[in-house]
Amino acid sequence: MQFRIRINGKIREVEADPQMPLLWVLRDLLDLKGTKFGCGSSFCGACTVHSNGASIRSCVTPVSSIGSASITTIEGVAAGDLGRAVQNAWLAIDVVQCGYCQAGQIMSASALLAKNPKPSDMDIDQAMSGNICRCATYTRIRAAIKQAAGMPIADSRDTFA
Amino acid sequence: MMRASHAARVSAESRRAFLRASVAAGGGLLLDFSLPGMLHARAGSPEAASTLNAFVQISNDGTVTILSKNPEIGQGIKTMLPMLIAEELDVDWARVRIEQALSDPAQYGRQVAGGSRATPLNWEPLRRVGAAARQMLMSAAAQSWSVPVSECDTESGRVIHRPSKRSLAYGRLASKAAMLAAPDLAQVALKDPKNFKIIGKSQPGVDNPAVVTGKPLFGIDVTVPGILYAVFVKSPVFGGTVLSANLDAVKAQAGVRDAFVVSGGAVFNGLVSGVAIVGTNWWLVNKARETLQVVWEEGAAAAQSSAGFAKQAVDLSTKTPGAKLLADGDVTQALGAAAQRLEAAYSYPFISHATLEPQNCTAHFHDGKVEIWAPTQNPDAGRKIVAKTLGLTDADITIHMIRCGGGFGRRLMNDYMVEAAWISKQVAAPVKLLWNRQDDVQHDFYRPAGFHFFKAGLDAAGKLQAFSDHFVSFGENGKAAPSADMDNDEFPAKFVPNLEFGVSLMPLGIPTGPLRAPGSNGLAFVFQSFIDEVAHAAGQDPLQYRIDLLGARRQVGAFDTGRMIDVLALVRDKSGWAHRKPSKGSGMGVAFYYSHLGYFAEVVHATVAAGGKITVDKVWVASDVGSHIINPTGAENQVQGSVLDGIGEALGQVITLENGRVVQSNFNDFLLLRMNQAPPVEVHFLRTEHPPTGLGEPALPPVVPALCNALFAASGVRIRSLPIDPKLFV
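Chains as they are written, first to last, in this note's numbering: chain D, 287 to 447; chain F, 256 to 985.
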């Protein structure tokens, strides 16, 4: 079937099985490889993109369900000030180890900050626990989110400091 | 590309080492070096052909390109190894470009991400490479100016001659330098470490900008013209083989070009029996599996299960061990004479690597050769398997090392590489093979389970006089399965007068292999937990009890007790151990472990709520990995990640075998640590006079027992089996 979907501000036409998840449409039909395949079942968050600004798991989102929603991927998130600020914070904090999950982390983090510009550590736990980092860079992801929010990066849970 | 231009090669051999330089296509300096053997090569030894290499290119515009020779799996090596070269070359880090080298052992020596070995093996040799290049550039300048080279120096990518206040940029000197005889690597002068400008300064990962903007970087992102996509369906029972499959029905599915049976062999780290489905779209070929029906010959492993192994281990524990690893003194007599005796049975389960990027590989077989793009930790081992399986020679196989979305030891095996190469050959097209998550969880080389049956005897003063471990592990004919063995120097061996280690082996039909800190990741848990039991039985402070057990500062085999005592003291001071307050439901635990040449002591503070919910509040790490932390930001990241990885293993990870197959299939039942479970981790590095060593692994092992010991302090419940069962606290 033919679909017209809005990706990173542009209308893209694709010929796909209606059940084909957005993840594979992005990666293999539109050659946007930044969105990652981790589990195929929405357990890991590596495939996170924005649909009308909210984070969704593209691996369980059939292309036929997208309709007129505006999709943003890691390749397009820097078009907004917030997305760019999050990417810059990731660089400043040197978050990355293997890097495979980080596109999904950045998409979840920027969706969080769009809704909640000054998140608490509890808010971060809640918003980010669907995104697995197998290298466990969680300490730095937490710090980078706060840095992007213009907050002190100290961990409020650390009552021993 | 980077090796194509050796037209004007000038070579000079020396006693221990030689350098080859050549003019690059663009007119710059190409420098590669070879050290016969590894760190301590011997002149004229048979290993002379085995070389360790690196590679420097300087273009006329002054751009310095450094090839990074080892696979990048998230350990930061692509950034760190070039730092060593750039430091001695004396260039600005900001002007250095880094490229990933091809897999080419003749050029680069060992190209493996494993064993936390890249730092100790390359610390000196790669600095010498940089220094040699610098010396050639100085010689070139000295010739141009007709001055003695001894009057020349360098500064940020320029050779300078202070007496005449002249200077020349490296880019201007590169082609001339390339024509000079290369210096003896053993003789080049290295910087005084106090003058380091790059080493010891945090350098963010060189690929970070590409990562955060979603550029294609990983194996799964590789694409080549005309690419087809493949899945490979293997028997759910390990070692099972295909009897028949409904291939015609599968071939009729949308997007499928071909489906065929692969006979394969019996070696897990190779090509095994299965069904390949190939097509124009990965999602469609993966979906075609819903149609696939295979009749499997399941084989002998179908009789194996985790529950069966646990029962068998208990049975074996009552018998004499199959082999003795160590017998010091007289344990039986010393246990009989002990004022206090302890016995405990410990175990840990099979676990999976679960790299977040599933196993994948792109291969293109054509004209009797194969080009491979692989996220692999051990490319040359993969080349050997591909060569053997496809009937090729090593020279027929080109391997591009692609950034790995996690390694943890999984990609030391190259089963997916040979699968991709085989399928490409069959369909005569470039093929990207990609496993789905279930394939990945159910076809790993698992961290082997292990069962330990301990006894200890204390004298009236609480001193440990007798210690024994009957380790029930896996293997056959006296040979342990991969990563299922134990050395005879596991602490407290050689620290207790009467001590015995015995091993019994159970035959295993399940593939096992190294997982981050192999062996140590399970052994640290059992030994450092049981030592904690001993300390509590003695009524003594568990941290001080360990220091006392280590005793005088001395060398015991490879292990330096003084270095471990110092990190224990440091973690005691940093964590506020001495002032810890007993409070209901909260407690601190300690453990230490020596592995991969690194000394680590860790303290965990944990809380157990009334319903059994566990919170890890904080971890303190004290370590001694030698004189320099080469890249501090990367080092801290590795240590924090290792510690959290260990906490994840302890809290949730188990692979259960039933009827020869794995029960778990995805991240809903194989549980990785998540943000809300990750505590703050405070990291301290003690600088000592020893050469720097690696950080990919040694921080992991001690956190597991430190957590379990903290839970004991918090609740009085002793964890003797992993993963931690919260029901024990209810």
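Note that these hints are calculated values from the structure, not bench results.
There may be inaccurate statements among the hints.
Stated by the list, open to error - 30 Å max Cα-Cα, derived BS3-like pairs, lysine-lysine:
| id | chain 1 | residue 1 | chain 2 | residue 2 |
| --- | --- | --- | --- | --- |
| 1 | D | Lys404 | F | Lys470 |
| 2 | F | Lys734 | F | Lys749 |
| 3 | F | Lys470 | D | Lys296 |
Here's how the hints hold up against the structure:
1. D/Lys404 - F/Lys470: 29 Å, holds
2. F/Lys734 - F/Lys749: Given pair F/Lys734, F/Lys749 holds - Cα atoms ~24 Å apart, limit 30 Å.
3. F/Lys470 - D/Lys296: 19 Å, holds
Violated hints for the displayed structure: none, as all numbered hints are satisfied.
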